[in-house]
Amino acid sequence: MKPTDIAAPDYFHKVVDCQWACPAHTPVPEYIRLIAQGRYSDAYMINWKSNVFPGILGRTCDRPCEPACRRGRVEDNPVAICRLKRVAADFKDDIRQRLPKPSPKNGKRVALVGGGPASLTVARDLAPLGYHCTVFDADPEAGGMMRTQIPKFRLPNSVIDEETGYILGLGVDFKGGHRIESMKSLLAEKYDAIFVGSGAPRGRELDIPGRKEAAANIHIGIEWLANVSFGHVDKIGKRVIVLGGGNTAMDCCRTARRLGGESVKVIVRSGFEEMKASPWEKEDAIHEDIPILNYMVPVAFKHVAGKLIGVTFQKVKAEYDAKGRRNLVPSGEPDETITCDDVLVAVGQENAFPWIEQDCGIEFDKWHMPKVDPKTFASTNPKVFFGGDAAFGPKNIIWAVAHGHDAALSIHKMLSGEDITERPLPEVQISSQKMGIHEWSYDNDISNDKRFKVPHRDKVVALKDIRAEVELGYDVKLALGEAERCLNCDVQTVFSTSLCIECDACADICPMDCITFTGNGEESDLRQRLKAPSAHPDQDLYVSSDLKTGRVMVKDEDVCLHCGLCAERCPTGAWDMQKYFIDMTHAGSTCPTKSRSAA
Amino acid sequence: MTYIAKPKFHHPGLKKNALGYTHRDYEGKISTLCAGCGHDSITASIIEACYELSIEPHRVAKISGIGCSSKTPDYFLGNSHGFNSVHGRMPSVLTGANLANRDLIYLGVSGDGDSASIGFGQFAHSIRRGVNMTYIVENNGVYGLTKGQFSATADRGSKSKKGVTNTDNAIDLVAIALQLGATFVARSFSGDKSQLVPLIAAAIGHKGASFIDVISPCIAFNNHAGSTKSFDYVREHNDAVNRLDVLVGRDPIAVDYAPGTVQVVEQHDGSKIALRKIDADYDPHDRLGAQTFLARHAAKGQIVTGLLYVDPDAEDLHEHLNTVETPLNTLEADTLCPGSAVLDKINASLR
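Note that the protein sequences, when read in sequence, are chains Y and V. First residue of the first sequence? That's 36 in my numbering, and the numbers climb one at a time after it. First residue of the second sequence? That's 70 in my numbering, and the numbers climb one at a time after it.
Don't read these hints as lab results, they were simulated from the structure. One or more of the hints may lead you astray.
Unchecked claim - Residues from chain Y that face chain V, not an exhaustive set, calculated with beta carbons under 10 Å:
hint : residue
1    : Met36
2    : Val109
3    : Tyr355
4    : Glu537
5    : Ile544
The beta-carbon is built from N, C-alpha and C at its ideal position, and this holds for glycine as well.
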């Protein structure tokens, strides 16, 4: 193998698994260390810059970082990254002084359609640069799906108000209760740029017999949640069936439990394991006495005299074809009818752009989705950009934020007369953490603690009040314990070939047997010759150039604890622990213009 | 030294030996030696050898004297018996322990100061008597704990860190061990685990006095240009006569080397060592030849490593003394003192 080029920004970025997995590339270990030090406001601001909604995401994020967390490859559970983010939000001081100040307007006007996370991120990035940002939303308040679709017992209004308020306070114009009905007339208003962040607002229908006849007691999940959120709906029947296995279904069933649903069931077509809902959301639902029945396909709504009485299901089983694809085939068992008073349909969401006329210069593909460049987020109309669920279909908040940052950068470049396809490199800093002979600026003593549970409100109390937040969040002590579990993967092991005397001290001390000194070879061959088996080929090998004996140093990054013992035991300082910090390019970053090739 | 404990986590894919242990289970406390010390590599090699042999840690007694080397038993086999004795007195403590309980595996760990200076006589007699043990000298040629004065194994003409030339002749412990009748004699280098680990494993399997001299560079005081025990010097002057490629239990050996290049040595416990010859003329069963070979190569400034001599039919101290098979420490009072009737019988036989 060729010697690893550690100067490439992506090499060490990949080692910080959580940050690499986060769509917005939040510097996770950095803010976790700040939490451990009690510097909650600093931790919050790092998050705020990167993911814009730390308090909201700290409660609701889909957490792509946690399955990626290295700790999960070393022991049972990853670090509770998401809930630590909430800690930063919960315990911070008043941070308003640290926010950017509204700056003098530069005369450029940007219209943002939809007041959800994507649009607000664009506004957050552009307003401080002097752009006049106008956000339009059909709802009276900002927040979009964060406000309408996420139940208050998971995300209180106060948090949404606070964090949307920070953005609107940057001098952003918010036009609530103002639905954009026509792209054409919006274009006619001569905005310099338009960003569409209108989400995926339509709940998918379930068109099976009885749907029309029993319509009064069949509700589309996201619409029903929005109605609950605005107080238009405050009760439901005693027996409720929720159809669907995503996070919306979990929100529906738990909301139903709080509005009078005594017997609430979630029924899914697939197996329990393959459900789209996050495992923790399933756990929370089951904890609230909601059974999840699987391998049952709804075939008809049963009704008597226009009144829903139940749902009939066909029983299926999973079969896998030669290619490993799963097919649901009838199991042969008789159909089952489950009685109920109400049904909530949460079988997916769809995009809908009835308000974008065909002759706006915005092309759509065969799935009726706008053609959007995945890098610049530009549509085929150079002035119109898309982001969030509106761009590529339903994902989640953190993706919307990531899209927003990239779209804002494009808009800023376009309006500065630059080529939007040229994406500036992120800024990367790497610096030694050595403080003394065996002293580092980070706590390298690895904690053996298991993941700490987040305290929950008593179930009886929680189920009585739809606005009572279920999760209470970590207290300071629990947060410290959980923060200490972080392996500081951003403090990198950096090797200098010229200093190495091949004494083996690092290979001997490494608790994870990551380091091997051996003859060079092709990657597949080297992976066979490591001290400990290489289980994850997607994790890079760090290879040195030739050493004095002709061998090379090979480090499997996979399960490195970043404990720094290799550097502590190295007599010549050939190993050093260096903190890697990557600052993703946002609109207005003063940055080198060299374009970068990879993610 | 390192202040934090070595993390308990280990690689999830670590292999387990016949006892279900990983090599991490054979570790001891974290080393307090200087960073990069060769002794730590020897520690790692002992750990690896014991892991590969699936040795039960509680069947091992590790005994040492004083010095950097003699601290190391604290860093391996944390669940074994241990005795950190007086300076240079490891061999007699080990001999006593061995006499009391012949069933344990004895690891004597010593250094060049401990064995070639203050304990030179002790070393000599334990070898001479054929105590069943693995005697490892972690040989760095200097007194590291007292800031790097030459030890008795420092080569004449080699230079100290400050540039002073050594005018005394060196003691070659391997030559002495051969002369005193050790039945397993080897030399190796802490920077070459592929050679050292099988040597330690083979030595543990040997019944009799096994002696291994391991050159172990002192990073702090003896790893400079004028040293003959530095990483660079040893790597440049290392003349390995053979390598132990395979060490297996009672399974038959299947080796596919060219005929005449591999020599199979069967040990007392039935295990076999496959020796891959590097020097075709070298015969590890020829004590006299080995001594000559060593002297000739030493004169050329070469450091001969490998398994230098082994007597597969060696006897140990217990056989010499004709002691009972049962360890003395488990003999019951009525066996040890069979009563006046037996005494009368013995007395009668002497009349």
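Which of the listed hints are not met by the structure?
1 and 3
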